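**Student:** Here is how the chains run, residue by residue.
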Amino acid sequence: MANSNLPRRIIKETQRLLSEPTPGISASPSEDNMRYFNVMILGPTQTPYEGGVFKLELFLPEEYPMAAPKVRFLTKIYHPNIDKLGRICLDILKDKWSPALKISTVLLSIQALLSAPNPDDPLSENIAKHWKSNEAEAVETAKEWTRLYASGA
Amino acid sequence: MDSGDDIHDANDIESLNEDIESLNDNYDNYDDDAAAADYFDDDDDDDTHPAKSRRIEQSFTILKESDIRQRQEDDIRRVAAVPSIPHGAASILLCHYNWSVSRVNDAWFADEHEVRRTVGLLEKPVYDNPADAKELTCGICFEAYPLSEIETASCGHPFCFSCWGGYIGTSINDGPGCLLLRCPESACGAAVDQDMINLLASGEDKDKYDRYLLRSYIEDNKKTKWCPAPGCEHAVNFDPTGTGKDYDVSCLCSYSFCWNCTEESHRSVDCGTVSKWILKNSSESENVTWILAKTKPCPECKRPIEKNHGCMHMTCSQPCRFEFCWICLGAWRKHGGSCNRYESGEQNETEKRREMAKKSLEKYTHYYKRWASNQSSRQKAVADLQEMQSVHMKNLGDSQRQTELELKFITEAWLQIVECRRVLKWTYAYGYYLPDNEQAKKKFFEYLQGEAESGLERLHHCAEKVIQVFLSDDPPSPSEEFNDFRKKLTELTNVTRNYFENLVKALENVHDGNPCDLDKRPWGAGAMMNEMKE
Ligand SMILES: [Zn+2]
Ligand SMILES: [Zn+2]
Ligand SMILES: [Zn+2]
Ligand SMILES: [Zn+2]
Ligand SMILES: [Zn+2]
Ligand SMILES: [Zn+2]
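Those sequence lines, one after another, are chains G and F.
For the first sequence, the UniProt record's numbering gives the first residue as 1, with consecutive numbering after it.
For the second sequence, the UniProt record's numbering gives the first residue as 1, with consecutive numbering after it.
Treat the hints as calculated values from the structure; they're not laboratory data.
Here the structure is a predicted model, which is why all the values come from computation and not from measurement.
Ideal Cβ positions, reconstructed from N, Cα and C, are used throughout, including at glycine.
It is possible that part of the hints are untrue.
[Said to hold, decoys possible] Restricting the straight-line Cα-Cα distance to at most 20 Å, the calculated cross-link-like pairs of lysine to aspartate or glutamate (DMTMM-like) are:
1) F/Lys222 - F/Asp248
2) G/Lys70 - F/Asp174
3) G/Lys12 - F/Glu143
4) G/Lys102 - F/Glu143
5) G/Lys94 - G/Asp83
6) G/Lys70 - G/Asp95
7) G/Lys12 - F/Glu135
8) G/Lys55 - G/Asp32
9) F/Lys223 - F/Glu65
10) F/Lys222 - F/Asp436
11) F/Lys363 - F/Asp248
12) F/Lys363 - F/Asp436
13) G/Lys94 - F/Asp174
14) G/Lys96 - F/Asp174
[Stated by the list, open to error] Partial pick of chain G residues on the chain F-facing surface, computed with a CB cut under 8 Å:
15) Leu101
16) Glu135
17) Ala136
Please model the complete structure; the sequences and the hints are all you need to start from.
**Tutor:** In structure tokens:
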């Protein structure tokens, strides 16, 4: 259906994603809609997310690559730049999007965001406040959430 | 009919007129064609550009689209006079610096390197394509293309024509931000100039970009604004170093407005009062509907009377013939032509018991009615003047054997009416906000306003009604009568102009900051009252 006139660029990107996967990241298109990807990102080591397996969904809108992909965490995660609906505050998904960016660069950036939370540009006010006032405690909560919700079910 | 009264009035005014004239000698920068420039684009005397004839010293220029393009191109050329700045780059620089040539020059010569970096004008490519390559891969569609089908900005990042087209089109459809478009490569800041847009975008997108560029020249430039009249495409260039704080601007489309707040012209009343008043009107809009009713019952015989004339002097039809004031419904003779004073004590006992809220609405209603009546009266006058010029002038010329020049006094009278209605209208917004406790100031203001208003009512009446006898199907043959009419209308025009100049001057001096100075002016309350008594 939606796959009939898939741009060559998307086909190429998909092939590349499958043949040269990035360590800690997997993305595979849904069978009935090649614009919809099931994504898994492993929590980076030495972060409160270590050991967690985080599920995301990624959708390429009609205007892609002129418009950014839509990405959302499906797994609950305690992170100052990700809200409880799984929405991600990341500049390249908004005003810094460039059509020369790819799905793989987007996912790499999200992985990097897990390693480097930025409470100064928060999406979730409460978590950001927690992070700034008592980072050790916030990190503990993040670890707890990773154990509870991202333990690779 | 009631012309006897009017002649009497005119004689009264005439003697006053001379007194006022002597007060006025200091400031006669208000030339006869002033009002004409406000409302009509008079093509017949071409040496006086309408926007130019208004004041001796002109602080604004009206720009048509061709003028705007010319000025924009001139500015771009002035920036591109620097050898290292090509035309396309000059346009982008100006976009970044609000179309100020001097700001571009200052920034460029202070730190060219920094300007290049922030604006995205790279000196040499940052991305080196292999020198011997026959094909390059487009960074968006990832397809390989022969060099002839690849285009790059100053950075060197290669994209195919079709991807460039899509990228540029997306940006243009996102709005005026496209004027600061950068290379599609992530984090590459290289600017995409209009030459590239013209090479790579669709015809429709090119046109849109062109419009945005034109709009930017007006909207991002502190010295220019679009004319706010609906459908008007002219812009105004205002030179703030001109004639001080006179913000009145009149466009070629005939609309005149305040440069500072872009509301309709309101000379004599400051922008703050105008915006408060407009806000007030919109919050009171429901109460206002009934105030504006087109018909009212005659206060004497209760038959409905429709107001279809511009002046407030109403005369009921036969056999009643009661003459009354449209605004207060009082007998016309009782207030002798002006109806401007709001008396907070005029309510009777029952009314006094009404709550404060009701009172404030009454006060508002008093001022709003007069503001709105003058507004519609002005519109009617504009239409009447047009009819006068297009239909009646020729007939009058024939029946009274008058040349066009000899009939000019009629046009002048109407222009004066149109201008005065506007001024009078805004004085009611001013009056509404005059604090109740400043009685002396209020009294003086109301005195001047009342004088001006009654002069205007007589003038309007004369121009609208007394003239009718000469416009009838069977006009009197050329006669003394018409000469009397000319004399009377001319006198009324002059005297009304003087009254309004006094009113405007007094108000302008008040909001120049020192209301206490009011009494020290040669036409201050005391002096004026004495002159009037003579
Ligand atoms: Zn391409
Ligand atoms: Zn580039
Ligand atoms: Zn205009
Ligand atoms: Zn204003
Ligand atoms: Zn009546
Ligand atoms: Zn009245």
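**Student:** Is the hinted pair G/Lys12 and F/Glu135 satisfied, with a Cα-Cα distance of at most 20 Å?
**Tutor:** holds, 18 Å
**Student:** Under the criterion that the straight-line Cα-Cα distance not exceed 20 Å, is the pair G/Lys70, G/Asp95 satisfied?
**Tutor:** holds, 13 Å
**Student:** Is F/Lys363 close enough to F/Asp436, meaning Cα to Cα at most 20 Å?
**Tutor:** This hinted pair holds, its Cα atoms lying about 11 Å apart.
**Student:** Would you mind confirming whether the straight-line C-alpha gap from G/Lys12 to F/Glu143 stays at or under 20 Å?
**Tutor:** This hinted pair holds, its Cα atoms lying about 10 Å apart.
**Student:** Between the alpha carbons of G/Lys102 and F/Glu143, is the straight-line distance 20 Å or under?
**Tutor:** Roughly 14 Å between the alpha carbons, so the hint for G/Lys102 and F/Glu143 holds.
**Student:** Against chain F, is G/Glu135 within 8 Å by beta-carbon distance?
**Tutor:** This hint is violated: G/Glu135 lies away from chain F, its Cβ roughly 29 Å from the closest one there, beyond 8 Å.
**Student:** What's the verdict on G/Lys96 and F/Asp174, does the C-alpha distance respect the 20 Å limit or exceed it?
**Tutor:** holds, 14 Å
**Student:** Given the proposed pairing of G/Lys55 with G/Asp32, does the C-alpha separation stay at or below 20 Å?
**Tutor:** holds, 19 Å
**Student:** Within 20 Å, alpha carbon to alpha carbon, are G/Lys94 and F/Asp174?
**Tutor:** The hint holds at about 13 Å.
**Student:** Taking 20 Å as the top limit, are the C-alpha atoms of G/Lys70 and F/Asp174 close enough?
**Tutor:** holds, 18 Å
**Student:** Should the hint that G/Leu101 touches chain F count as held when the rule is a Cβ pair under 8 Å?
**Tutor:** holds, 5 Å
**Student:** Could you check if G/Ala136 really has its C-beta closer than 8 Å to a C-beta on chain F?
**Tutor:** violated, 34 Å
Comparing the model with each earlier hint shows violations of hints 10, 11, 16, 17; every other hint is respected.
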